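**Student:** What follows is each chain in one-letter form.
There are 2 protein chains.
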Amino acid sequence: MGKTEISLLGEFGLIRRLTENIRLSNQSSIVGIGDDAAVLDYSGREVLMTTDLLLEGIHFDLTYFPLKHLGYKAAVINFSDIYAMNGQPKQITVSLGISKRFSVEDLEEFYEGLKLACEIYGVDIVGGDTSSSLTGLCISITCIGEGEKGKTVYRKGAKNTDLLCVSGDLGAAYMGLQLLEREKTVFKGEPDFNPDFAGKEYLLERQLKPEARKDILETLSREGIVPTSMIDISDGLASELLHICHESKVGCLLYEDRIPIDYQTAVMAEQFNMNVSTVALNGGEDYELLFTLPLELHEKIENMEGVHVIGYVCDESMGANLIARDGTEIKLQAQGWT
Amino acid sequence: MGKTEISLLGEFGLIRRLTENIRLSNQSSIVGIGDDAAVLDYSGREVLMTTDLLLEGIHFDLTYFPLKHLGYKAAVINFSDIYAMNGQPKQITVSLGISKRFSVEDLEEFYEGLKLACEIYGVDIVGGDTSSSLTGLCISITCIGEGEKGKTVYRKGAKNTDLLCVSGDLGAAYMGLQLLEREKTVFKGEPDFNPDFAGKEYLLERQLKPEARKDILETLSREGIVPTSMIDISDGLASELLHICHESKVGCLLYEDRIPIDYQTAVMAEQFNMNVSTVALNGGEDYELLFTLPLELHEKIENMEGVHVIGYVCDESMGANLIARDGTEIKLQAQGWT
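Residue numbers (our numbering), protein chains in the order written: chain A, 1 to 338; chain B, 1 to 338.
There's no promise every hint is true.
[Claimed, not checked] Think about it this way: if two alpha-carbon atoms lie no more than 16 angstroms apart in a straight line, the pair counts; the simulated EDC-like pairs of lysine to aspartate or glutamate are: (1) LYS159(B) x ASP41(B); (2) LYS151(A) x GLU316(B); (3) LYS149(B) x ASP41(A).
[Stated by the list, open to error] To be clear about the criterion: a stretch of chain A counts as covered by chain B if any three or more of its residues have a C-beta under 8 angstroms from a C-beta of chain B, and this derived list gives those stretches: (4) 81 to 95; (5) 138 to 147; (6) 212 to 218; (7) 302 to 309.
Quick caveat, the hints were computed from the structure, so don't treat them as lab data.
Just so it is clear, the structure is predicted and the values come from calculations on it, not from any experiment.
Yeah, the Cβ is synthetic: ideal placement off N, Cα and C, and Gly gets one too.
The following block holds chain A by itself, in its conformation from the complex (with noise of 0.2 angstroms):
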């Protein structure tokens, strides 16, 4: 691939590049890029709104992390939201601050990665800023999605007797990175990085290249099932769970050995010699689905694909707690950076 120098386009002309075969395929998407602003139509509908920053070093190591896959993760993450809002995403601003060392062809990469992921999701891009950066790359997408009214689901809905949910596995994201990260220290000055990772491919996906669940939105839709509570799970189990408690006013029961855990996980944590529950309570980036439900709803939940009950809620006076698998009652802590 060559290696065009963003100066030779200049600012304009990299944002027409980057652009010129983006269409709009959204109904409420009027007018997209190339104006001050987008214009939408949400007439009858709520409009969701939510937005993520991604720093390099920070949020990402480009050591690693395929520009191609970042600009469908930074994408991902931000459909994650809307639809844990039981909402689903329309439009996307992307914003860009990059530094000298990108080429064009590395950017073309990013938003083959992030035009993917829209077109997946059916999501348009209408529009963003980019700029140049002293340092590292800069990413700060903001997602636009429709609610049907009434039917938002918030962090604030959880009732006592709910039962606690959650689709997918946890935990695979977060060993992805460890991975990763390991195998960047040990090859550590050599020129091409390219470790064995057979076997662990499932891993290296959760990190890289993270969906988001519209399938569970869509289960639950064609069972007429609205959940009472919903958030997304980016920051971890427990930290997100604590939300939920905090929120609802409730309290909650946890249950360590209903914790889905996928088999690569647990072989890598074992490896790391980290306690998988930890992985999976504080590990974060699995962008699964957690939800609360009436406690009626028990059969019908415990019978469908990819949803696991993971515990119940209670009185808030009983705060939020994790029975382990000893049977012994541990109080739930939140992690977030400091």
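Mind docking chain B on chain A? Use the hints.
**Tutor:** Frame of chain A; chain B shown alone:
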């Protein structure tokens, strides 16, 4: 003022601290900060969406840019984009990447400016993302505004023979920047950066605390005038005018002697040995409105306070040209970053 290390509060504590007294005031703001996405209601209205990325060292220098002013400006430049569509800004999300050298109080100062701008322009802060940054401060704001259906004004509506109008005066923000940069060099190494700016207040204000021209839209609206095309001047008059010509498929004649320039701007340009017209054409950051109107509104607009007719729209084949003071015709050229 105290200096609280951000690590003392942690991510969630910091977000809570910065956002705890944010109230929603717009009817369209259903739910703001605190869930995966904000929820808005735009029934019967068009949704306008715009975004801006500001990076330390590229867009601002904290040596002379007070954080409160920076917060104010970061918000206002987004509002300006919504006004340039003939819309009203209503909600923003604010993402910040923060390096270790910032204290909680620093960020509170930034938010103070942000909130002041939002209060003055009637905008709600409905979400955002806060992250640590390895390097400088990174600010990404996305603004949502409402447009009346059929009254949204694009860059593309200018017609042959239309009047070319601009609000306020141009070049002052750029001269303010030059002044600040010069004083910074002079004061290099001295701990207290406090130069005497007497008589140059207007230039500094235009750079450090710009306003968006909501008032011009109100005046136009009172007169029942809807521009045929409009854009806000962030990159400089020449660049924005070329955008209008390109999008509208027209040419234009811009008269150098009609370009509105403040006395302080002219004096400072002379001191810096700069051509004041070049400053007004390419300086940028004026956040004035550039718009076109049908020729028959000539008398009405000539008497409107704060608006200047600076030229005419002509056929595309004639190109976009500046008529210099001596009558010579010069082809207009854009400048962006490279």
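**Student:** Against each hint, give a clear statement of whether it holds in the structure.
**Tutor:** Evaluated hints:
no., hint, in the structure
1, LYS159(B) x ASP41(B), "34 angstroms, violated"
2, LYS151(A) x GLU316(B), "50 angstroms, violated"
3, LYS149(B) x ASP41(A), "9 angstroms, holds"
4, 81 to 95, "holds (count 8)"
5, 138 to 147, "holds (count 7)"
6, 212 to 218, "violated (count 0)"
7, 302 to 309, "violated (count 0)"
Violated hints, listed in ascending order, are 1, 2, 6 and 7; each of the other numbered hints is respected by the structure.
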